[in-house]
Amino acid sequence: MKLPLSWLNTFLDVQLDVDTVVSWFNAHGLEVEEVTHPATGVSGVKTAIVDAFVSHPDADRLRVVTVADGTDTFQVVCGASNFAVGDVVAHAHPGGFVPGVVHADGTQGMILEARELRGVASHGMLASARELGLGDEHGGILLLAPDTPLGVDITTLAALGEPVIEIAVQPDRGDHLSVLGIARDLAAIIPCGYSAPTVSTIPTGLTHPVTLATSSCATFVTVTLEGSVNAVTPLWMKQRLAQSGMRSISPVVDVTNFVMLELGQPLHAFDHDTINGPLVVRNATDGEMLVTLDGQARTLTTHDIVITDDDGPVSLAGVMGGERTEVTATTTRVLLEAAVWEPQVIRATARRLGLASEASSRFERAVDPNGAARAVARAADLIGQITGATIVHTDTVNPAQVLSWSKRDTLNASAARIAQLIALPLDANAQAALLQRSGSEVTVDGDMLTVTPPSWRSDLSRMADLAEEIARLHGYDTIPATLPNVGTVGGRSQAQLAYDDALYAALAAGFHEARTRPFVGERALAAVLPSQGRVQLANPLAQDASAMRPSLADGLVEALRRNHGQGRPGVALVELGRIFRPADDPLADVLDATCTGWRWSGPDGTALPIQPRVIGFAAHGLRHGTDWIEPDLFWQVDDVLSVIDEIFRRLTNDRAVTNRLERQPVVRDGFHPSRSVILTYDGVELGFCGELHPREAQNRDLPHAVVVGELLLEPLLQQITANGVAAVQSVVFPRHPARMVDVAIIAEEQHSFAQIAGQVRIAAGTLLDEMWLFDEYRGDQIGEGRTSFALRLRLQSSERQLTDNDAETVIDAVATAVGAIGAELRR
Amino acid sequence: MQSLADEQQRALEALANAHDLDELDVVRQTFTGKRSVLAAQQAAMRDLDDAERRSAGQAINAFKTAFQDAFDVRFAVLETEALERTLRAQRRDLTIPAKRVAPGRPHLLRQIEDDIVNIFVGMGYEVAEGPEAESGVFNFDLLNIEKDHPARQEMDTIYVAGYDDVVLRTHTSPVQARVMTSRTPPIAVVCPGRTYRADAVDATHSPVFSQVEGLVVAEQVTMADLRGTLLAFTRRMFGNDREIRLRPSFFPFTEPSAEVDVSFGGRGGNDGWLEVLGAGMVDPNVLTACGIDPDRYSGFAFGIGIERVAMLKHNVRDIRAFFDADARFLAHF
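Chains as they are written, first to last, in our numbering: chain A, 29 to 855; chain B, 269 to 601.
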């Protein structure tokens, strides 16, 4: 709602400056979005009358116009053609300034100079409304009322450049959608007096037969006027409309809009002669058509309310009038209408048709059910003043009973309870006084308040609403500050701490935490347990964001691509978040097999999409530091695997090197066929790690190996939630001297290192304290396809010092153990 | 036969003139080796009578002692010099970058979220979680946002296809609804997490963003408790010189409701006020819908935009920076 300050002041008993108004508003519930000063700086613009015009000799679209200001005449070249001889126009003289000219570079405003246009001298310009900052109309020049004095500066006719305060109106405060409503509320806040505009008393009589055949209309008020309505809207009204962001259309329409802005009651004007037969207000029938004022043919449903005559709908109630009965320049009989419609119904219609009008936005938020008669009288008065048309009759049609949605029920509330809630020391009488200030009728009986809210306050229906109203008027800044005495024990849960711990393990290894947008398009890379299942969005923002991510991989690899595009030599990213799959995705079976409590459902138990928590990794390029690069050191799959191992150890609370997910080679869509593994837990896939297929990497303009890893954290976190975390138990470390033993084992092609290492561990038994791989050799010396792994074993006993014999025994045992799987100890 | 006294003089001079450990060894051999004067004197001993032998023996011992003492001193000097030469040769330029991969950094949004959550955890709050693809009942209905309420449209909801009334949560308030429907007061929780709106991406709008919401429900919770809690939070988060300002506002799930501004430039907002969060007393309709008796319990709730706090605190000008995963941005904070 845009509120010109001078308009507001016309209704108040005090005159306020803009800063005072803004601070009152902000402190008491009217949120100021911005203050603008439209049409600031207009100068050198005077009224003039068009004496004559001819076509420009060298330009068909230009006119050479002679204008007179009562003293002198001027020649002005003009591009518009919406004027005739005798029209009063706004003539901007050389040296003057028009703020609304928009230049190609976006800057605004122009100082005029005398110049030639295609060889014809032009003394300034004839200004459009937009050029003067009076709205966005630029179809032609601004035409002023014929009785406008000539040769006067336009700033003396209208207060151009005055402050306009824009307010973000709250959904429950429809009464703030008018100048009167805001003035009334401000008067309650300050407090001070206010007055509404006075209107003529119009004789009651038949205007037009009206039947209400719906329970969605609380009142239907009409006025008839007779006489031509062909006139020019006065400048002051054009300015009000422009300040409020509305266009000037014709005097009758301008008046209905002006009164809507002023009083908050939307109105509609029919050309009375175009209405054929009695008006019936009813629900539309399915498929019924109406061409609305914007020229659009609307197909209606039974949920819409229409005003109809014998030929069908003439207006879509509360939203927009119909084209067939529109007021035009030739109209000589006007039927003005103001009605009160049920908010939910108007909201549904406006929403279904995508047709949010100034009228519908007011009805949706509830208009004052007692305001229609005053508004229609006010509009009739103004139309009469501007056009000279004569007011004939008014008539009001009401339903047989007051409709429940338009009633303002009386409510009771305990003053002590309100005072306690808002922590203000106000007794019942003090609270009653505040409520009365904003129009409620209040009686006090001991602690009990009996409150009847004013007709314009549909938001006051419960004790909490009264509490807010009292606190708002008293001032939120008077509420003290205390801390609640709740007595809860707070803190993060074990699982929440473990979730963070997973991140820190990744950070320690050099991965930066990324947050990517969790939307994907048709084709999306998936790492862990890929499936075709997608959680599609009904109203996606873009085609390539049509579904929720089924995996973190896609977003992270795209992030690598952007970083590579920025010339980063190498990047490693980690992300924690949820991935999304349909409720029946195969991923559900894996989660069911590994944990309980992971599934989210609605209040009736229906399953929501699967959305487990996951950690994802992606790395590409050089594994470099902040200030060094090793040209051959690239991020590798191992870098991610080692982090996943560490995370698994932390989340399962067992630091043993052997406590890790089993790695099984896998061939997976989009990934390198011989550099990818799934990570299993009791045989169930919980994670994946591998290199992107070189072709996929190439498609993403990534020249080096792209490492991708993903681990389902949900089962591990759910186990913590279910079982808590068992404290890690201390062990007594042996203190007898240790012995180092190096062994080299030749593995065949089918052996994985994990198999070899497993055999060595078994063989070394309890004496093995630590074991390290220190060399890996392939070459002619040992034969094609074979690998020699050199392992250093640290043997230690808690009972005695080990001897050469012990070492020999271990080596022999290793030989036997690796031999058992077809490998060989190199002696 | 040369006198040992003269020899001693020469030996001490030779020791003093030895420049390194090798030369020193040569000197040792020259004066104590097989061909040395000392060796000749020792060999000559057997031809002497007792008295001469005693005297000669004393002279030999005196020479030996004098030589060894001087040798040890010189050795120590030369050995130190030699070590110093070695160490000098081992010089390393320690300004050369260490070839270690530096640890990564937590995302700025996580840092801010942790800061916020930690403050409330310190005040006795638990951390509650919920799904991001959420039932409309939890996201709207239980929060007093009816099907055709204008607020529901204003939230620009993204809907999930193929489900009946499943949305990408527009706030983390559904987590509050889940907590209230599953537990009994007293309740004090914060709910951090990602949230979604159908906003086109620009410098100040993102379809995905994050919030921390808080909820306290107990007997006799007042609006002063809300103000005090938010004041304590603000001072921890932004500095002890900050003040807050509550402005009446509207949220469907709270009544009374407030927008909360934080002063910048000290108490009283010398440099102005910035809107930081929304808050209010839990609407009785919400309590009732979630199975809590509004006549017995009251509560407050608040919602903080993590991106907004991060942008204010760190002068981030474009919200897209949070989600573009530019490594320079990630490593910067």
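Incorrect hints may appear among the rest.
[Stated by the list, open to error] So, partial list: chain A residues that the calculated Cβ filter (under 8 Å) puts toward chain B:
| id | residue |
| --- | --- |
| 1 | V514 |
| 2 | T544 |
| 3 | N591 |
| 4 | L650 |
| 5 | T654 |
To be clear, the hints were calculated from the coordinates, so they are not data collected in a lab. We treat Cβ as the ideally placed atom computed from N, Cα and C, and that holds for glycine.
Can you give the numbers of the hints that this structure goes against, from lowest to highest?
Structure breaks hint 4 only.
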